[in-house]
Amino acid sequence: MKKVQFTSKYSQYFFLAPQLLILLIFLYWPIVQTFRDAFTMQDAFGFGSQFAGFDNFLFIFSDPSYLTAFKFTLIYSFVITLITGSMGLLLAVQANGIMHGKNAYKTLLIWPYAIAPAVVGVMANYFFSERYGLLYSLFNNLWGFNWYEDVFDAYIYVIIAGSWKQISANFIFFLAGLQAIQKTVIEASIIDCKSNMRRFWTITFPLLMPTTFFLIIINITYAFFDTFGIIDTTTIGAPGSETKTLVYKAYIDGFRGLDLGSAGAQSIMMMLIVLVITIFQFRYIEGKIHYN
Amino acid sequence: MSFLELQNVTKIYPNGTKAVNETSLNIENGEFVVFVGPSGCGKSTLLRMIAGLEDITSGDISLDGNLINNIDPSERDVAMVFQNYALYPHMTVFNNMAYGLKNRGISKEEINNKVNDVAKLLEIDQLLSRKPSMLSGGQRQRVAMGRAIVRNPKIFLFDEPLSNLDAKLRNQMRLEIKKLQRQMGVTSIFVTHDQTEAMTLGDRIVVINNGVVEQLGTPKDIYSKPNTKFVAEFIGSPQMNLFNCKIENGVATIDNKKINLDKSINIEDACIGVRPDDIQISENGQYSSVANLVEYLGSEMIIYSTIGNQQFSCKLSSKIELKAEENFNFDIIPSTVHVFDNNTGLRV
Chain A
10 MKKVQFTSKY SQYFFLAPQL LILLIFLYWP IVQTFRDAFT MQDAFGFGSQ FAGFDNFLFI
70 FSDPSYLTAF KFTLIYSFVI TLITGSMGLL LAVQANGIMH GKNAYKTLLI WPYAIAPAVV
130 GVMANYFFSE RYGLLYSLFN NLWGFNWYED VFDAYIYVII AGSWKQISAN FIFFLAGLQA
190 IQKTVIEASI IDCKSNMRRF WTITFPLLMP TTFFLIIINI TYAFFDTFGI IDTTTIGAPG
250 SETKTLVYKA YIDGFRGLDL GSAGAQSIMM MLIVLVITIF QFRYIEGKIH YN
Chain B
965 MSFLELQNVT KIYPNGTKAV NETSLNIENG EFVVFVGPSG CGKSTLLRMI AGLEDITSGD
1025 ISLDGNLINN IDPSERDVAM VFQNYALYPH MTVFNNMAYG LKNRGISKEE INNKVNDVAK
1085 LLEIDQLLSR KPSMLSGGQR QRVAMGRAIV RNPKIFLFDE PLSNLDAKLR NQMRLEIKKL
1145 QRQMGVTSIF VTHDQTEAMT LGDRIVVINN GVVEQLGTPK DIYSKPNTKF VAEFIGSPQM
1205 NLFNCKIENG VATIDNKKIN LDKSINIEDA CIGVRPDDIQ ISENGQYSSV ANLVEYLGSE
1265 MIIYSTIGNQ QFSCKLSSKI ELKAEENFNF DIIPSTVHVF DNNTGLRV
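Chains as they are written, first to last, in our numbering: chain A, 10 to 301; chain B, 965 to 1312.
Derived by calculation from the structure, the hints in this document are not laboratory data. Please read all numbers here as calculations on a predicted model, not as lab measurements. Yeah, the Cβ is synthetic: ideal placement off N, Cα and C, and Gly gets one too. Any given hint could be a false lead.
[Stated by the list, open to error] Across the chosen pairs, the derived CB separations fall in these ranges:
(1) B:1208 / A:203: 50 to 60 Å
(2) B:1118 / A:192: 17 to 27 Å
(3) A:99 / B:1148: 39 to 49 Å
Make a model of the complete structure from these sequences and hints.
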């Protein structure tokens, strides 16, 4: 094959330009803008702005509603990770064990993964509406469920809405993980150990560790960032601001409250959180849990 | 009653495949039995049914006087060594060996003693704290053996345990397995498709084909008196020459030359088997042929040739001077000949 040589020194930049432009406009510019916003104080009517130092950061940390959102996000991501992980694992183990109709189960269990979070939120809306919600009336009969007023009940609402779709993602990865375990290793353990339960916890589960840790990170990231559509279509943060995630609050403060300074500072805080998660993932997980 | 008894054991898979068909076997205590056959013949399935990893479609298996058809694999008191070792990758060598003992409620001290003893026996005592990923193929093999030995089971089941090793290590481990089995006197079943392993390891060999036992006997029996055409071809290397012919009044005719078999038999469609090393080269032999191909193996050589339109091979001392494309004469000695009926495939 003929090798093409470019004679001009600049032609390489010409070919890189479209990609660089996209990065510049949609990634670097917003980042720079976010930093500028975070360190400036805007006039309420948008007429002027002045450098504010760390005032925006000090403000969000003294703002009780930010701390509420922080607390809620932590609880939310912890519970979602736990529920989606354990449900995904349970379903994967069951689906892996069945003989007939395995593919039908697999397909049905994977489907919810293809649904956009906002659509999931709309669907959850039907179940939890005060007027015609099935789950609303069921829970209401059981313990007087009312997410419009009760914080705990609102948590249940957004947790169910947020978990449902993500169980599918966990199911897929756990099923793949189970199928990657050597069949003979399981057979050897069948000869070595009578109890199914004990065998699961001593052989299968440890061998799924790489998958588990991967999913923990995926689930935390999901609960932090991808649940925006769910919150926006379900509680919209109600009651009060109790079910606002950090992402949702930054959006509301920035675009509804037009406080770009605070939203910028919140975005930078989230960036730091992502940074910590990523470092943790690379440092402690990627390197350590491999058996091959 | 024998130590391990299989009675009319049959395995039919859900898709209708008959993997094992009405197999009956008796294995005595302390015996080393080898299941040998081509891939897909059902030998591994049979072994796995004894282990309890496959259910039995029909028939009975009893071990040491107890029917074990429906007994959980962990309670049959069998230990299995797998082809790919099947070590637990997340456990150290020590824990791999101790796992089966822990689950059986044996005290920590006793487990320690047992594992250390077996590790010394297998010379893996330096590796006890390592994970399987840090071991070589041969070391993994030893750990897999150790995991079986430490349990002190009634029976060892080996499922092609040597096929993942290189040739040199394979020979070494083969000798070692034989030695260990002698030393411990534990009944063992060894599955392989390799006839050398079968011949060298087994007190008795079970030749299996298409889910049916073709022949059961000592290596010598099987080599010198194959019951069927299949066994004749399968055991022995290079494989036995089979010449199709017609036998009239005990005289077989191959390529218009007569061989007197000293048996008063008449078979229309017969087959005469001669081992490659039983073909006698001599200057005034009654057959004459051309060496199409000569394989030099050091002390021996293998000549590939044809009589009539039938191919055959012979194994000669390489001291004989014979090159490809040269002519040679030979005889077929009636006393070394095996006769089979082509219609039934059975020895006559």
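How the hints compare with the structure:
1. Checked against the hint of 50 to 60 Å, the C-beta distance between residue 1208 of chain B and residue 203 of chain A comes to roughly 56 Å, which is consistent with it.
2. A hinted range of 17 to 27 Å holds for the C-beta pair residue 1118 of chain B and residue 192 of chain A, which are about 25 Å apart.
3. Under the hint 39 to 49 Å, the C-beta atoms of residue 99 of chain A and residue 1148 of chain B, about 43 Å apart, fit the expected range.
Of the numbered hints stated above, none is contradicted by the structure.
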